[in-house]
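Chains as they are written, first to last, in our numbering: chain H, 1 to 111; chain A, 1 to 114.
What the hints contain is simulated information worked out from the structure, not anything from laboratory work. Model, not experiment: these values are computed from the prediction. Treat the hints with care, as some may be off.
Label-pair ranges, simulated between beta-carbon atoms [as the list claims (entries may be wrong)]:
#, chain 1, residue 1, chain 2, residue 2, range
1, A, Asn75, H, Phe15, 42 to 50 Å
2, H, Gly16, A, Glu54, 44 to 52 Å
3, H, Ala86, A, Ile67, 27 to 35 Å
4, A, Pro8, H, Ser39, 31 to 39 Å
Covered stretches of chain A, going by a simulated chain H footprint (3 or more residues, C-beta under 8 Å) [as the list claims (entries may be wrong)]:
#, segment
5, 39-47
6, 92-104
C-beta atoms are modelled at their ideal positions from N, C-alpha and C, and glycine is treated no differently.
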Amino acid sequence: DAMVIQNPRYQVTQFGKPVTLSCSQTLNHNVMYWYQQKSSQAPKLLFHYYDKDFNNEADTPDNFQSRRPNTSFCFLDIRSPGLGDAAMYLCATRDPPGEQYFGPGTRLTVT
Amino acid sequence: GQQLNQSPQSMFIQEGEDVSMNCTSSSIFNTWLWYKQDPGEGPVLLIALYKAGELTSNGRLTAQFGITRKDSFLNISASIPSDVGIYFCAGREAGSSNTGKLIFGQGTTLQVKP
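Same shape as in the complex, but just chain A (with noise of 0.2 Å):
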């Protein structure tokens, strides 16, 4: 099935550092996603985007929701050690507003260093 190309796969960084990855689909997506999983939880949802250019914030975390409809980035600026964990994009087709169907990206794993 589809997938959504995430990246960085994976970084490791210094407390205190800014932080960005971005995904990219092949279609164009209504709905950006951009959840947090912490080892042996569940995904939790960070920020939600429903327009292209939209920017939102939450925190010290900012996604944007790419003027193509085909991409999304997130930063994350001055980086804590609760930082770590598992950050996946996920993107809603059109098609899919009542079934709510998600594509997910392969994940960011991040990890700081104190």
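Excised from the complex, chain H in its bound form (with noise of 0.2 Å):
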């Protein structure tokens, strides 16, 4: 079945290591989205690619990075983080004008 993954469902990494979190599509969406989201929030939008155009929120910041090396990966990269980034985080894809289709999520945890 088309959808969207998220690799690994659960990650822990140390305080001030830097992680990788993955999200692959087989929708051949155009449209990739990261959001971050805390216990019992919303979630929270960090940035998106349409096809290869990066678009970052303006309170995004800087430790957070990521990559689109072609339509089907995307990746989130955290290059210091801290104990405040432990939340969940979540990749949707959008085929325009459909809308947002989240994957399952990948919890990460700072030790």
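Put the complex together from the two separate chains, hints included.
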């Protein structure tokens, strides 16, 4: 089945140790999004790609970077994770004018 | 940034009861969406609304796009235990049609007692 896949589902990293989260899609959607969601809160958009065009939200910390090497894959790099970066990270895709289709998320723990 | 005001924040109901939740915005939206999120999973789209006044059903779920374009509600009829989860409203302004950027409500946590 066509879907949005996030790997790993659970990631533990040490304070300050770079970590990469992965998202892949078989939907061939043009747009890919990365969200951060903390407990009991709404998803917060970090950035998105429209094809290769990168769009950063104004309040996304520099600590967060993203790469999209091709249509299918998008990565979230956290350069120096802090305790406050522990959260669920959600990837979503969209084929305009359709709506956003979310992956299952990666739960990041920072020790 | 802009936020939607979603209420209630949480609900604890008996199985079989009907549920209603709503969202309001200070700005006009051209799209309203309702998502459900189960624990440890990503949000799943339940209903999408694109016209003021539109009333759309998906099984036991019914949602409406307010005529002022600044609000929406979601009703769940005859709740069952698997309705448990967090329900998010999300809106899109006309200027965000290309990016698809959504503004989310704070969520309504629903618990159903069998």
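Here is what the structure says about each hint:
| no. | hint | result |
| --- | --- | --- |
| 1 | A/Asn75 to H/Phe15: 42 to 50 Å | holds (45 Å) |
| 2 | H/Gly16 to A/Glu54: 44 to 52 Å | holds (49 Å) |
| 3 | H/Ala86 to A/Ile67: 27 to 35 Å | violated (42 Å) |
| 4 | A/Pro8 to H/Ser39: 31 to 39 Å | violated (19 Å) |
| 5 | 39-47 | holds (count 6) |
| 6 | 92-104 | holds (count 7) |
Comparing the model with each numbered hint stated earlier shows that hints 3, 4 do not hold.
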